[in-house]
Amino acid sequence: MRRFADLLERLAFTPARNGKLRLIVDYLREAPDPDRGWGIAAITRDLKLDAVKPALLRSLATERVDAELFALSYDFVGDLAETVALIWPPAPGLPTPMPASDPSLGEVIDTLHAASRREAPQVVERLLDRLGGSERYALLKLVTGGLRVGVSARLAKQALADFGGVDVTEIEELWHGLAPPYQPLFAWLDGDGEKPVSAAAAPFRPVMLAHALGERDLDRMAPGDFVAEWKWDGIRVQAVSEAGGRRLYSRTGDDISGAFPDLVAALDFDAAIDGELLVRRPNGSIATFSDLQQRLNRKTVSAAQLRRYPAHLRAYDLLQADGRDLRPEPFETRRAALEALSARLDPGRFDLSPLLPVESWEDLARLRAAPPDPVIEGVMLKRRDSPYVPGRPKGLWFKWKRDPHVIDAVLMYAQRGHGKRSGYYSDYTFGLWTSDGSLAPVGKAYFGFTDEELEQIDRWVRANTTERFGPVRAVRAEPDHGLVLEVAFEGLARSTRHRSGVAMRFPRISRLRWDKPPGEADTLETLEALLPEPPQGLGSSRSPA
Amino acid sequence: MRPADLLQSRPEGLYCPPGDFFIDPVRPVARALVTHAHSDHATSGHGAVLATRETLDIMAIRMGEGFAGSVQPLRYGERVAIGEVATTFHPAGHVLGSAQIEVERGGFRIVAAGDYKRTPDPTCAAFEPVRGDVFITEATFGLPVFRHPEPLAEAGRLLQSLTQFPERTHLIGVYALGKAQRLIALLRAAGHDGPIFVHGALRRLCDYYAERGVALGDLPDATIERGRSRDFAGQIVLGPPSAFASAWVRRFADPLIGFASGWMQVRARARQRGVELPLVISDHCDWTELTTTIDELDPTEVWVTHGREEALVRWCSLTGRPARPLHLVGYEDEAED
Numbered sequence: 001m002r003r004f005a006d007l008l009e010r011l012a013f014t015p016a017r018n019g020k021l022r023l024i025v026d027y028l029r030e031a032p033d034p035d036r037g038w039g040i041a042a043i044t045r046d047l048k049l050d051a052v053k054p055a056l057l058r059s060l061a062t063e064r065v066d067a068e069l070f071a072l073s074y075d076f077v078g079d080l081a082e083t084v085a086l087i088w089p090p091a092p093g094l095p096t097p098m099p100a101s102d103p104s105l106g107e108v109i110d111t112l113h114a115a116s117r118r119e120a121p122q123v124v125e126r127l128l129d130r131l132g133g134s135e136r137y138a139l140l141k142l143v144t145g146g147l148r149v150g151v152s153a154r155l156a157k158q159a160l161a162d163f164g165g166v167d168v169t170e171i172e173e174l175w176h177g178l179a180p181p182y183q184p185l186f187a188w189l190d191g192d193g194e195k196p197v198s199a200a201a202a203p204f205r206p207v208m209l210a211h212a213l214g215e216r217d218l219d220r221m222a223p224g225d226f227v228a229e230w231k232w233d234g235i236r237v238q239a240v241s242e243a244g245g246r247r248l249y250s251r252t253g254d255d256i257s258g259a260f261p262d263l264v265a266a267l268d269f270d271a272a273i274d275g276e277l278l279v280r281r282p283n284g285s286i287a288t289f290s291d292l293q294q295r296l297n298r299k300t301v302s303a304a305q306l307r308r309y310p311a312h313l314r315a316y317d318l319l320q321a322d323g324r325d326l327r328p329e330p331f332e333t334r335r336a337a338l339e340a341l342s343a344r345l346d347p348g349r350f351d352l353s354p355l356l357p358v359e360s361w362e363d364l365a366r367l368r369a370a371p372p373d374p375v376i377e378g379v380m381l382k383r384r385d386s387p388y389v390p391g392r393p394k395g396l397w398f399k400w401k402r403d404p405h406v407i408d409a410v411l412m413y414a415q416r417g418h419g420k421r422s423g424y425y426s427d428y429t430f431g432l433w434t435s436d437g438s439l440a441p442v443g444k445a446y447f448g449f450t451d452e453e454l455e456q457i458d459r460w461v462r463a464n465t466t467e468r469f470g471p472v473r474a475v476r477a478e479p480d481h482g483l484v485l486e487v488a489f490e491g492l493a494r495s496t497r498h499r500s501g502v503a504m505r506f507p508r509i510s511r512l513r514w515d516k517p518p519g520e521a522d523t524l525e526t527l528e529a530l531l532p533e534p535p536q537g538l539g540s541s542r543s544p545a
Numbered sequence: 001m002r003p004a005d006l007l008q009s010r011p012e013g014l015y016c017p018p019g020d021f022f023i024d025p026v027r028p029v030a031r032a033l034v035t036h037a038h039s040d041h042a043t044s045g046h047g048a049v050l051a052t053r054e055t056l057d058i059m060a061i062r063m064g065e066g067f068a069g070s071v072q073p074l075r076y077g078e079r080v081a082i083g084e085v086a087t088t089f090h091p092a093g094h095v096l097g098s099a100q101i102e103v104e105r106g107g108f109r110i111v112a113a114g115d116y117k118r119t120p121d122p123t124c125a126a127f128e129p130v131r132g133d134v135f136i137t138e139a140t141f142g143l144p145v146f147r148h149p150e151p152l153a154e155a156g157r158l159l160q161s162l163t164q165f166p167e168r169t170h171l172i173g174v175y176a177l178g179k180a181q182r183l184i185a186l187l188r189a190a191g192h193d194g195p196i197f198v199h200g201a202l203r204r205l206c207d208y209y210a211e212r213g214v215a216l217g218d219l220p221d222a223t224i225e226r227g228r229s230r231d232f233a234g235q236i237v238l239g240p241p242s243a244f245a246s247a248w249v250r251r252f253a254d255p256l257i258g259f260a261s262g263w264m265q266v267r268a269r270a271r272q273r274g275v276e277l278p279l280v281i282s283d284h285c286d287w288t289e290l291t292t293t294i295d296e297l298d299p300t301e302v303w304v305t306h307g308r309e310e311a312l313v314r315w316c317s318l319t320g321r322p323a324r325p326l327h328l329v330g331y332e333d334e335a336e337d
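Chain order of the listed sequences is A and B.
So for the first sequence, full-length UniProt numbering puts the first residue at 1; every next one is plus one.
So for the second sequence, full-length UniProt numbering puts the first residue at 1; every next one is plus one.
Chain B extracted, bound-state conformation (with noise of 0.2 Å):
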């Protein structure tokens, strides 16, 4: 069989024929399977949403519980009959619910990865390779300028500022899903004991980690109580980067402010960001990881999705892969905010 056959791109997202699927589609569909919640990728309106259970939850806390008209929760490893075909869920490393879509016909295997990251993150499930004849992976850090150093040792570049300048508030922009819990749990592993302080955007999302299991430790709200106004110097606020903009910056003490993403790599794009902290932390798979993922995995073929596909592409065919861009519409760089 033709790989096309299994799995081709539509308008609509990427379209499974023999189980009349769609995988992360963008705009409404009769039947979506998700691989996570980030809302690029999970959108609403669609009929039947196939997803992990942690995925469907955090699609109804940001969408409200009517965001589809049936949801059916997947377990990592379990083996779903859609139509024609086998659909597996498998972990991704990305946030917590994220999980790689194999899909089976007839013994051929394609996998689709979503986002993925291989660097170990304590906050979900850890990638677990899985081979297929295809492997679709993302791109977003495809270029060899991304090697992410050692996300703790940028935690402890946050945790030095602090010592460095206690009377500033220190604000980090953050994703609300993944990143603010996976730094909240880097500081935690750098020795930060003390109160972490949350923007409202985050609450949500950070309690439902903490149902889950995810220890996050005190993380008041960033609100200054009623009839006292509260010093935040020397204090680490998280939020989301859009918040960064609105007066709501105001009430901290001469704020410093930081930026936790994969782009912080780039000088530039730091500084078109107006960062004073940028930290590199990522929750997608840098050069290395890509390009060793698909070493280990040696699948017959590659499709790269959103990204920067040209140079993946062009590894592959340095290395004798064949490989070619999937290009799919709608998807962003790392936009969560």
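Excised from the complex, chain A in its bound form (with noise of 0.2 Å):
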């Protein structure tokens, strides 16, 4: 438990993607079996505990402690699990400090396992009294489902293709079949054991990525060779139906069918269709990127939200079809299968995503410009003969998106960066003019500067710093003393969670405009003016027409 206790507290506070990578594959390295497979099973969240609410682990502490003393901590600390495991005594009548006790993960989880629901608080008490500190934080962070260390099931699965020097798809699609520990998995990768079979009743197949078209890369290519298609802005997905399994996946191989099941339900094929998942509106048509959010990372769903965001299939591709396996076929072969399975779908459900009708260049260029639909973000090429390859293979696929919206904004806060960022202000909120006069933070972004530009900035940071909390910085912002940042983003949608109102999608500094004054940045109204019109489901489930 001390290890697994080791890694979740190292990990929570390595921002790198590839700290977090070797601190992993360390852990694999180290922790026997079982243990590692239930340490990869927590983090991917693959682990189902739930054994105790947060409200109980409360009053077991205060069964112990004293309440007065434990709300003054509490408030202090900020967070009940840890509260709880840092203050957790010794049982009454137990030496003080407890002799060294470190049973293993393996251990700890089949205890829990074999408790019944009346029975689990007791057994989190018994563990949370042979436990030292970090692990009791460790341990009520899995019993209440809690765990967040900033890692994604993709980065674990990443982590355990590093281990074993195999490719990161192999392990998603084997990743649907097992179950933790992994033991087969580990024993594979540790070069002890055969590959293991796919289990999985309705497998996963990696998916086959485009690259970005480069500059120069239309000279070499004839459009006679491609077929063009409009890029959706929703998220790709895989869409399953096999030997009686049902499953929607995310193109990372999550499973992601708990929080769609009006789509799966609608999954009556034996196929694999690649597609794109949006939402509709009551009228038909699609919604925008913020309307799906509403149905993205839950593990349920409600009624009112099937009914105001039904989901949408939008198909690109077919992999397999009736026990057959078409990713070896060319794309044309494979499109004309898809549009025999589509004319049997629920067309309330589904729709063929339309080819465009492509003779030039100049024709592509043109539809790119002037999408007919809001939730367009670009359009893509695809080679007629290429087979389905996972990965991103070169020269099949070319993905060329819209032009970025861009919108100038007056730097107010610089925090400091991590790692090779050490000792520079590299993460800069920007805000806009609100008709008050005041300026209103809108985003923050971290990227899209050079070297020598971050320099710049720094020193300008350091130059007009206002005030410090820790390690942000407010900087000079007036209409005529301040640094003006060109923001590129991709989209923009209504916010709860911002002062500002609006959040913007992938933001990313685009150009500094020190020739610009401040008081000439633009407007939030500007910004506002971008959004989509409100969605038409919420307003009509108040008034019904």
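Keep in mind that the hints were calculated from the coordinates and are not lab data.
Glycine is no exception: its CB is placed at the ideal position from the N, C-alpha and C atoms.
No false leads were slipped in.
One side only, chain B facing chain A, incomplete, derived with CB under 7 Å: (1) V266; (2) A268; (3) Q272.
Build the complex: two chains, separate frames, hints provided.
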């Protein structure tokens, strides 16, 4: 348990992706079976314990600690599980400090699995008595399901791939047929066993991705070799229905079926479809990404959300149909099979991504410049003869995104960076003018500039600091003194979490406007004009017409 | 006699009327008794300062020789009459030269512990329990959530990170007086024999500790030698936390920033500081040390100063011990940078 608690501790404070990878790979090298498998399952959230509710933790603790002392402590620490882990006193009658005891993660999980719902509080209490502070914290985060260490399932799979020296798509392909603590997987990665055979009823197939179109690429490409499609602004998914199993996967192989029961119920076929997950409006048109976000990252979904934001799949490709693997076939063959299949599907849930009439690259550029729907974020080019190859193969598929939105904003706060950016103010909060003449922060950006520009901004921040808050500095931001940043971003959504009421997608610094007086930067109103209309679902549910 | 006749709080600090002196005054006074040389306890401009030899030396290093009109060094255990009271300095185990101050008059005794800890620390004399009618305790970490882990194991975490990330400079924030030397001693005890690089702000105090017989090993300057760049990859560099906000940090390879402090026990605190490697190493008592010390000394009354007074006073009342917070101004949590 101690080794696992150490890992969580380090992961929680390590911001860099590569640092996290190394910590996990080292853990996989050092921890024995089955501990390392349980550890991975905990990180990828495939470990289901949820044995204890937070309120129960508090009552366990206050049975042993004076309620007022507990309240003062909780107030200071700010996190319930952390407070309980730190404050947990030895059981009455036990020596202080306890003799060293370090049950393995596997043992702890077996104990928890064996406990009934009624026994769980007592079991947790006995475990707390046996563990040190940092292990108690790990345990409490496990049993309350609150383990957040900034590691995505994707990153954990990458760590497994690095550990075993295999490609991550191999892990993704196997993942849903495996169950914690993944012993056959580790035997293979250790080099002591055969590669496990994918056992999932409706397995995930690693996704094919496109390269961004480079400036010169089109010169070397013949329009006749490619088909063009819109690039839709939803999320790329794989809908699989095979051998009685039905699953919806994200492009990294996370099972998101639970959040989309409406779409899963409509997977009435024997096939694996690659497409874009979108939500519809009541009038049938496609809603924007911000509406789709209402349905994302949920384990369950309410009836109201199902009604207001019905899920829809716009089909791009067909990987498997009636037991036949179509991936080696050329795109045109797969497309023909997809068209045949789509004729039998519920048009309320599925449609085909249309092919665009493109005779020349000029046609394509015109289409890209003026797409007919706001939910389009660019165009795609796919070689007619391209097989479906996992990963990002060269020369087969290309994406050409629309030009981003840009806005001139004023730098308000700068925060110190980590690692190679230590000692530099490298994370910037910028704002726009409001009608009362003040600045409202609208976003944060920390890339898009060169090292040389970073030096310049850093110098400017230090020379123009007005206030400091820990690693953050407020800087001068007045109409005639301040720094204007040109910020590029992909889209805009309403947000209740941001003071300005809007949230940008992928904001980055596109230019430093040393020449521009802050008073001439953009207003919040200008930005708000870019917002899509408010979701119609909301309005119509309030006043049924 | 009433305890308040012997020691009382005033805006300048803790005042003893029958001896006409202050303990750790935060403003200039005629006569000051100073428990230790951290800057929130030891200030300049007093008429006379009485303190241990080490505390006086460190004050001179930090503030210059003329920091007081006159100074009088006191040995631990030496009984000195001041006015109508007798005072004795006893080791507090906080930093080199740190002392508790015992004030006695007519058999009535108050012990002002200053900042103290009970965990063994090879860089200073160990805390000596002194019984008195009133015990004045600090409460910097006076909440039951503070139970400092084994400090040697924390040093081990730093060494482990060094082997895991050998391409990164491990830059650890430490207070210049006490924490720097303690961490160095812990790293030596954990088996790290190589150089530990130090920022210029730590240099004179590290040298002074060495002069007083505290072995710290090889401590080169964390500077780039003229004419050639020096790679600090895989090395430990200690500096005051304030230096990490400055351009000084940029000379190091891909810095991994840590901070050695009791506050690192609380995740939100570590995050606020933007620390990648929080090391829970404290020169103050944790909750267990505070409460067992009070139990052990068994004073008639407890006065609680800077820190989380409320919780420790609550604990005293739960255990049936008269206690009150002593609202002294000017002392900071563990700020010494």
